[in-house]
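Enquirer: Sequence:
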Amino acid sequence: MHSGIGPAEHLIEMGISCKVDLPGVGGNLQDHTIVYTSYQVNDPSLTVDRFYYNHPELLTESAKQWHETKTGPLADLPVGAFALKRIDKTIQDPAWEAAKSEKQTDQSAECDPTGQWPNQPHIEFWTSEMQFFAPNFIEGG
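Each residue of the sequence shown is one higher than the one before, starting from 360 at the first, in our numbering.
Incorrect hints may have been included.
[Unchecked claim] As a list, the in silico SDA-like pairs of lysine to any residue whose alpha-carbon atoms are at most 25 angstroms apart: (1) LYS448 x ARG409; (2) LYS429 x ARG445; (3) LYS448 x TYR395; (4) LYS423 x VAL407; (5) LYS444 x LYS429; (6) LYS444 x GLN475; (7) LYS448 x LYS423; (8) LYS429 x LYS448.
Don't read these hints as lab results, they were simulated from the structure.
Hey, can you work out the whole structure from these sequences and the hints?
Expert: Here you go:
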């Protein structure tokens, strides 16, 4: 809402100049869990880690290539397959319903105990061609 687009009353209350009075903006953010798996490979050519972590000169060359020709390793998002999944059977457990009644009393009756609508996924699975979090740089093993 820093853009000035949103409910005018709230923007003004927050000291933000209202450019477009658009109720609902910023008031209904919902997200889902993301699950990823990390693994090490013996062949460094199978990932793009070498461009980001191991050889700064490769990152510099790749950045130059991207700026000049919009090609190279930085032209692709280092994320592979995505899968979106609902876990309806899991959330039918009474503990989930109890959690909803205690914590989500303002949620629509159509929402499930996690707060998701019937057509929203609960979990996003994805793969990546690089290590995003806390890379392990153990040499030779």
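Enquirer: Evaluate each hint against the coordinates.
Expert: Quick rundown of the hints versus the structure:
no.	hint	result
1	LYS448 x ARG409	violated, 41 angstroms
2	LYS429 x ARG445	violated, 37 angstroms
3	LYS448 x TYR395	holds, 22 angstroms
4	LYS423 x VAL407	holds, 16 angstroms
5	LYS444 x LYS429	violated, 34 angstroms
6	LYS444 x GLN475	holds, 12 angstroms
7	LYS448 x LYS423	violated, 50 angstroms
8	LYS429 x LYS448	violated, 45 angstroms
Checked against the numbered hints listed earlier, the structure breaks hints 1, 2, 5, 7 and 8; every other hint is satisfied.
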